[in-house]
Amino acid sequence: TQLLEQSPQFLSIQEGENLTVYCNSSSVFSSLQWYRQEPGEGPVLLVTVVTGGEVKKLKRLTFQFGDARKDSSLHITAAQPGDTGLYLCAGANTGNQFYFGTGTSLTVIP
Amino acid sequence: ETGVTQTPRHLVMGMTNKKSLKCEQHLGHNAMYWYKQSAKKPLELMFVYNFKEQTENNSVPSRFSPECPNSSHLFLHLHTLQPEDSALYLCASRPPGPTTEGYTFGSGTRLTVV
Chain A
1 TQLLEQSPQF LSIQEGENLT VYCNSSSVFS SLQWYRQEPG EGPVLLVTVV
51 TGGEVKKLKR LTFQFGDARK DSSLHITAAQ PGDTGLYLCA GANTGNQFYF
101 GTGTSLTVIP
Chain B
1 ETGVTQTPRH LVMGMTNKKS LKCEQHLGHN AMYWYKQSAK KPLELMFVYN
51 FKEQTENNSV PSRFSPECPN SSHLFLHLHT LQPEDSALYL CASRPPGPTT
101 EGYTFGSGTR LTVV
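One line per chain: the protein sequences are A and B, in this order.
Just so we're aligned: 37 in our numbering is position 37 of the first sequence, and the numbers increase by one with no gaps anywhere.
Just so we're aligned: 1 in our numbering is position 1 of the second sequence, and the numbers increase by one with no gaps anywhere.
Treat the hints as calculated values from the structure; they're not laboratory data.
Heads up, some of the hints might be wrong.
Said to hold, decoys possible - Listed next, the in silico DSS-like pairs over lysine-lysine satisfying Cα-Cα at most 25 Å (straight line):
#1 B/52 x B/36
#2 A/70 x B/41
#3 B/36 x B/18
#4 A/70 x B/40
#5 B/22 x B/41
#6 A/70 x A/56
What the hints assert, rightly or not - Computed, partial: chain A to chain B, Cβ under 7 Å:
#7 48
#8 50
#9 102
Stated by the list, open to error - Residues from chain B that face chain A, not an exhaustive set, calculated with beta carbons under 8 Å:
#10 42
#11 43
#12 90
#13 100
#14 102
#15 103
#16 105
#17 106
#18 107
#19 108
Cβ coordinates follow ideal geometry from the N, Cα and C atoms, glycine included.
One chain only, chain A, in its complex shape (with noise of 0.2 Å):
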């Protein structure tokens, strides 16, 4: 099994602070996504990163993609309640097989 830790485990901010969740691993990844899941709902793709030191931005949330293809970020500039949900990464390996990370739960308070 290919660990993918994420932190901060819980995160509770107010709306319109900034925040960055991260998710490594000792193990390298061929690709890496981001999915975001709300309460009562599976979770949705947000972003695939491939290559090592990628940037991608959506909106107000920037992914990257570490150098050795070992860990991810995902910042979210001035958050909204919007943003309210269970943050996850899957690192996929050479073999097409994917490992989800164990979350991050955000809670944005307007």
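Guided by the hints, dock chain B onto chain A, whose structure is given.
The following block gives chain B in isolation, referenced to the frame of chain A:
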């Protein structure tokens, strides 16, 4: 509408019951998955089907029995479950091809075993 539909959304069953979870997608995807999501644990892969053929069984107890009659439908048959099997069961699909293609998940079935 995520493209992957799961029914029922909620299920309460006794340990001696037999029930089935259903998953349906019309996205043209050829790979379908069952995942188990428990509190404070990463998503656990249970079964993988590619082109209707089971390609992975991740050491799942035999009280869980999957069925994939065609590329659009996936079932999970449940019998003599234990209380620790209570969890959110997620179905997902992916197109064939490179690993950059993400999963499309259903909304899940919240299962409670009493």
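To see whether the hints hold, each was checked on the structure:
Between residue 52 of chain B and residue 36 of chain B the alpha-carbon distance is near 20 Å, which keeps this suggested pair within the 25 Å criterion. The hinted pair formed by residue 70 of chain A and residue 41 of chain B meets the criterion: a straight-line CA distance of about 20 Å does not exceed 25 Å. Between residue 36 of chain B and residue 18 of chain B, the direct Cα distance comes to roughly 18 Å. Compliance with the 25 Å bound is thereby established for this hinted pair. The hinted pair formed by residue 70 of chain A and residue 40 of chain B meets the criterion: a straight-line CA distance of about 22 Å does not exceed 25 Å.
Of the supplied pair hints, the one linking residue 22 of chain B and residue 41 of chain B holds, its CA atoms being roughly 23 Å apart against a limit of 25 Å. In summary, the hint linking residue 70 of chain A to residue 56 of chain A is supported, as the alpha carbons are separated by about 17 Å, within the 25 Å threshold. Look at residue 48 of chain A: its Cβ gets to within about 5 Å of chain B, closer than 7 Å, so that hint holds up. Satisfaction of the interface hint for residue 50 of chain A is found here, the shortest Cβ-Cβ separation to chain B being roughly 6 Å, below the 7 Å cut-off.
With its C-beta approaching chain B no nearer than about 5 Å, residue 102 of chain A sits inside the 7 Å limit, and its interface hint holds. Because the beta carbon of residue 42 of chain B sits about 5 Å from the nearest beta carbon in chain A, less than 8 Å, this interface hint is met. Taken as an interface hint, residue 43 of chain B checks out: its beta carbon lies about 4 Å from the nearest beta carbon of chain A, inside 8 Å. Because the smallest distance between the Cβ of residue 90 of chain B and any Cβ of chain A comes to about 5 Å, under 8 Å, the interface hint for this residue holds.
Given hint, residue 100 of chain B at the interface with chain A, holds; its Cβ is 5 Å from that chain's nearest Cβ, closer than 8 Å. Against a cut-off of 8 Å between C-beta atoms, the interface hint on residue 102 of chain B holds, since the closest Cβ of chain A lies about 4 Å away. Because the closest C-beta pair between residue 103 of chain B and chain A is about 7 Å apart, less than 8 Å, the hint holds. Interface hint status for residue 105 of chain B: upheld, as the beta-carbon distance to the closest one in chain A is roughly 3 Å, under 8 Å.
Interface hint status for residue 106 of chain B: upheld, as the beta-carbon distance to the closest one in chain A is roughly 5 Å, under 8 Å. Look at residue 107 of chain B: its Cβ gets to within about 5 Å of chain A, closer than 8 Å, so that hint holds up. For residue 108 of chain B, the suggested interface contact is upheld, since its CB lies about 5 Å from the closest CB of chain A, less than 8 Å.
Of the numbered hints listed earlier, not one is contradicted by the structure.
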